[in-house]
Structures are given as C-alpha cells and as structure tokens.
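Dock chain V against the given chain A, drawing on the hints supplied.
Protein chains in written order, with our numbering: chain A, 1 to 440; chain V, 441 to 880.
Hints in this document: simulated from the structure, not taken from any laboratory.
In this text, all values refer to a predicted model and were calculated from it rather than measured experimentally.
We put the beta carbon where it would ideally sit given N, CA and C, even for glycine.
Every clue listed holds true.
Stretch by stretch, here's where chain V covers chain A in the computed footprint (C-beta under 8 Å, at least three residues): (1) 26 to 35; (2) 144 to 156; (3) 264 to 278; (4) 307 to 313; (5) 318 to 325.
Protein chains: 2
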Amino acid sequence: MKPIQVGLLGIGTVGSGTFNVLKRNQEEITRRAGRGIEITMVADLDVARAKAVVGEGVQVVNDAAAVIANPDIDIIIELIGGYGIAKKLVLDAIAAGKHVVTANKALLAVHGTEIFAAASAKGVVVAFEAAVAGGIPIIKALREGLTANRIQWLAGIINGTTNFILSEMRDKGLDFDVVLKEAQRLGYAEADPTFDIEGVDAAHKVTLMSAIAYGIPVQFDKAYVEGITKLGAADIKYAEQLGYRIKLLGITKRTAKGIELRVHPSLVPAKRLIANVEGAMNAVVVNGDAVGTTLYYGKGAGSEPTASAVIADLVDITRLHTADPQHRVPHLAFQPSAISNEVVLPMSEVVTSYYLRLRVADEAGVLAQVTGILAGAGISIDAVLQREADEVGGEGSTQTDLIILTHDTREGTMNDAMAQMQALPTVLAPITRIRKEELA
Amino acid sequence: MKPIQVGLLGIGTVGSGTFNVLKRNQEEITRRAGRGIEITMVADLDVARAKAVVGEGVQVVNDAAAVIANPDIDIIIELIGGYGIAKKLVLDAIAAGKHVVTANKALLAVHGTEIFAAASAKGVVVAFEAAVAGGIPIIKALREGLTANRIQWLAGIINGTTNFILSEMRDKGLDFDVVLKEAQRLGYAEADPTFDIEGVDAAHKVTLMSAIAYGIPVQFDKAYVEGITKLGAADIKYAEQLGYRIKLLGITKRTAKGIELRVHPSLVPAKRLIANVEGAMNAVVVNGDAVGTTLYYGKGAGSEPTASAVIADLVDITRLHTADPQHRVPHLAFQPSAISNEVVLPMSEVVTSYYLRLRVADEAGVLAQVTGILAGAGISIDAVLQREADEVGGEGSTQTDLIILTHDTREGTMNDAMAQMQALPTVLAPITRIRKEELA
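One chain only, chain A, in its complex shape:
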C-alpha cells in the first residue's frame, strides 16, 4: 500500500524530532502501522532551516495554506503553537477534510470545543497526545486504558520547567529568582518564562485531562491558576521537615458538588512516588474507582519525546483513516452526545488541606490568637511547627516562623480565617499559604 502522506506545519524542535524519528524508525513503524507514514511537505517561515532538516525529496514552502491545499496529504501536523494563526490553520485543515495531529495545548484548552465540533462534523480526527506530558501516553491511558473507571481525581507534574526549578531550590537551598536565572541559562526555562512559572501551561494541560477524565467540555477559563514565583527556600525546607515535598501540580477532582480544576504549588507526602519525580521529568497520578491509583512517568518535553507522542497519533490515524468515524475513540473520550455539563467549582468551593507559614512576633499568646481564629472558623489543625526565634530587630525584639498544617477545609473558609490572622498586629508579614494533597 502507498505510504500515507503527512504535511508538517512548523519544523522547530518538535517538528525536527518528528521528521527524524519517523525517518529513522520508518521500518519499525511501518511494521506496526501496516502502512508507511511519510512527511512529504513542510511549511515553515524559515524555508532554509526547514530544508536543512528535511533534505532532498520533501517539498518545503513558507505558506501553510499550500500544505493544507495539497490533495495528496491526508494528515496535517500542527506544531506552530499559540492561539493565533494555528487556530485558523487547524480549522482550515479540518475544513479541507484532513486529520490533524497537534501538540498545541493552549489552542485546545481554549478553543477545543469549537475545534472538536468542527472535526466531528467533518468526520476527521484531531489528535493531541503530544499536548500533555510529552512522550508519556497519558491521553491514551485516560481515554482508552481506564475506560472501565469512574475517574475520581488526577494530579500531575506536567510542566518540566517548574519541576526543574523546584528540584533545584530543594537540592541547593536556593530561592526562586536565583534558580530561574540558572534554568534560563541551561535552557530549561524560556527567556519569557511567564506561561511556565505562573502555571498557565500546566493549566492548559490539566484542562484537557479534566475534559477527557470526566466527559466535560474543555474550560480553561474555569481553571484556578497559581504559579511558583512566591515560593521561598524556607517553605521547601519546612515542608521537608514535616515529611513533604512541594510540587507544582495540575489537579482535577470529582466531588459531590462539582469538578475541581486547579494548578498551584502543593505539599505532597515525600514517600509518594510523584514526590520523587525530579528535574524536568513529568508524572501524572490517576485514581479510578476500579483500578485504584496509577502513575505515568516520563519526559514531558523535548524534541524526540514529544515526537514520540505525535507519531503515536499518526499511527492511530493511519489505522483508522478509512474506518467509519464511529469506530474511533471520541475526542474527549466520551461520545460527543454524552458530554456532561457538570459544573466546574470556583476555587472558594474547593476543599483541601493547607500549609500556612506566619511570620510572627515572638511573644506570649501569639499561638493562642492564631489557633483561636482557626478554631472559630471550624478549621482543625493537623500539625504545628514553631521555630526558635531569630534576633532581628534591635532591643531584643525577635520574630519567628509559625508553620501550621490543617485538615481539609473549604478554601472560602480558609480565606476568611487568613484575613483575620493577617489583621493580627503580631503577624508581621503576608501569610504564606500552600495547599496540601495526600494523593493516596
């Protein structure tokens, strides 16, 4: 059978990896797919660079529309990224009856509903294994591997940049700013690292996983997003003393009231496997009612790991290319007609436990004031760590860190209690609040 022809839009890091792996493992991939898969046309603004990657025999253009218009091409890989031109090109490819493979989590997390509807109407697939956790086949695990389960919750380290930074902060006892500069120097963080360090990239990814876990529309605008920029070396150290690690987690849970969808730094018990995922690695923990807790670990970014996911999607599409669309796995794991409108909860309705660090005056009665406020709010305390006082002011005036771990509490209740504690004259600095997840 003639190889299936693929058009590639954007041949940067992941695009080059995809081209190279597809070529290097051509024989093995064909033995699996039952048919050759070839990138025969590439669009990139930098035609010279693209030609240097693909060599002779592959048509290179600077106009993506020309690739989409090529009637010999059945599948388009979109690796341009972002919400702008990429959206138009994906919709144009669908309109032209092409299947689409994309790593573009931002696009799908924000415009997924429109894009998947267009694809379903046209009878084509938009595949996105590469959009979440790089080479880890987590989309497949969720959409196909765990179909027996009512998924209860999932939590993932799904941004390598922030996990690298947190690992370095812990290893070396350094503060965020110092490690960020080092990460930028080493290429683990971009020149503008905002999307990573503010949690936006992780939120895009957990939004996609939430949709396929629960059969709800992608709803990035409902996600709570908090990054790691305010974390200090002290919090990492105190967490360690209490038996926890701090990780930036993308979390989505099903509760009786609705679905939680959130990204923020979290204390995780040090003995959990996911707490021991270091450096730029990714891992996702999924809990289903039948299977219990499962974990998926691997490289979450990079040229060939991401290419591995892109090509897995190409093989799946090659297999089902000529099949009736009803034989395919639905975009969001559940049939389009069975997508639910279960509500995504506002952050104030989320229930979790907390780590609080208060910088307090070292005076009699401070602990009683603070714990009195928590008791008044009905928040129960799991553990307290009071440090020996530091000499800071003159005249023997001293300060200390008071660390409190709470049991499960509604976030809105915690917000109110924090406002009261913050108003105490003995609380000398903004309270640090980090959420805590047991992930059992």
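Structure of chain V alone, referenced to chain A:
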C-alpha cells in the same frame, strides 16, 4: 443501539469484579463506548456461587460450551486460567467467531502463537490487557502509545506477591521463609506459591511484553527464570549499604546479538522510582529510542484493578467490533506478516553487571585470589565491600562476607569465573550471585 452481549467463563475474584464494575459504571462506560456492554451469560462450575454474584436476569450455566454456542454473544471473557480447558475454550470461542478477552498470561505466553494465528484467520480479536500488570494499561502503552519507538529495553516488577515479600524482608530484616509464611497468612501469597516465588508468573508476563515490544513470537520456553527463594536478609542489607534495592524483575532487552528475556532478582539503584515501588504494587519501566525512559505504576492484581483492564478491552472491541480487521491494532503490536525471527539469547550470552557475595576465610591474600580470578577473566570490578570478620569457628578461626560489584560482563564468562572462585579453599560457602541493572 442494543448493548453488546458478553459471555463470562469463570466468575471468581476477577470475574466478580468485572461483573460488578461493568454494572456499577454502566452509564459512564456506555457514554464512552457509544454502546452498552452487558454480561448476559456466565459459566462456572459453582453455579450457586455464580448466581449469588450476578443475581436475577443473567443466565448461569455450568457448561462453558453453552456460552460459546450462544449466537447472541459477541465477546467471551475467559477467566478460568491455566493451559488446560482454558486453551480449548479460547480456541472454540475463536472458531465460533467470538472475540476473546482474557487475563490468562500462562496460556498466551505458552500457546500465544497458535491462539493469535487462529484469531487472525477468523478475523476476531484476542485481547489481553489484564494478563500483564493488572490495571496498569501497559499493553496499550506498548502496543499503541509507544509506536514511534524502537523499544530498547523494558523491566518490570510484575508479580505482586514477590514484591510484597521483598519489601517485607527489607523493612523487617527477615529471611525469605519467615516472610513467605506471613504473606500466605495475609493472602498475598497462595497456598502453593511456586509460580510466584520461582518467577514463572513474571516470566509469562515479560514473555508477552517482549513479543509486543519487538515484534517477535511469544517464546516462554526461551525465557531464563530464577525466583527469590534463595535471597537472604543479608543480601538485602548489603545491597542497601551499596545504594541498591533488590527487586524481582522481568527484563527484556534488545542487543546487537539478539533479544534478552529473563526473570531474576536484580539490584536496582535506590534512587530510581522503580526501586521505591513497595508492597504488592507493580511497575514497568520502558525505554524507547525517541521517548527515553517511561514508567507505568499501579495495582498488578486484585478483583477490580484486573477488571479495569478486562473492561478496557471490552470497550476497545465494542468500538471496533464491526470494523474491518485491518483497522485494529495487531495482537502482537506488529502486523502478523511483519513478525521477526530475531533470536532470543541463551542466558550465557546475556551481558549485565553483578553483585557477588562470597563467604570467605578471614586470611591474608583472599581478596587477591578472588580479584585475580576476576581480572584473569577480564571482569572489571566496580566496588568491593569487605565486612569485619565474625568469630565463628573455635581457635580464633574467623570468616567474613566479601561483596563485589562488577561492571558489565557476559554471563558465560561470569559462570566460569564463579566456578574458579568457588573452588578456592578459602571460599567457604556457595557464592551468592545477583544481577544488577542500572535502568537509566
């Protein structure tokens, strides 16, 4: 659309779990599959027990042939186990044009070639996610998630009983026999634990993974199998001091000379995630040339975790039931026409590194004799740990443990060197040899 009808052969632990999960999550599973899935007929020798599980409305018989003969049933779940009657029933179901879902690793590892050929000829699927690592979707990850890759190696903790025993031995410093009894009392080990503790069960599972990783026939008879019965608490303690844990691993590697396929206790660096998989949990590490190292973790046995895998296969088959067989994923990941005859190496040709423990007389020159033999065989030493001598004999005669870690060596070379060392008069007991894997 009418629900797809499933017949269940054998309703023990996993069968009950499958029935219950399918019923409990009926709505969610239908939303995914696009069609209901119902177990409508059950065969079990204990009809009364079976009726107690399934209640009214499901036909229960004591004759599996009656289920296979039922023309309304499209899929047969085989949960009888073993090579005997299960083989006949699976082949009969295939002959009757039914798809088969099975958790029977023993059957497939030994008779897989015959069974898959029969299924392909008849145009039906034999699905076996539940045969390896319980609820972890590792078969799907290997067959579909990592299709881009040339798999280099994989290694798994794929027998919960032995991992539970090894965890307990380490935690409590106890010897194998003591912990086995405890495991039997707790239900983690069977009354006749031979298949588990001798590594046979793990060998069945790694044989299946080897076939789908490399596109070779299932060849259980070529697997090297060594269990954990000879491990002592001392080796676990020494390994710990050297920075390693001991795990029973199923390993398959691709080398220039051929494929390694083996089960044996292995030292693994304590910092690897898989070294920290404790109790009855399972985990598989897979290394592909594009994706790098990935890991999959979860419950490897039990009623509902295994049911999760059985039902995932039911959903896959329900989706592709009426599709042309060419649209389906091939049984062994590679197209039947593309299965390779790459050789599986005999154990003497395997290359790995080693932990050796020698019980030696505490005399001058012993270390020189031992290291001289290794040097003569071209085996280079990575680390040596010599214990302080124990007083054991009378008259001041003392013995000690000498522990040696080697670099990579051909097993045949190591066998020869071990025979020479064993012949030394200063070597007082059989040498303990445990293989060591870096799994990087």
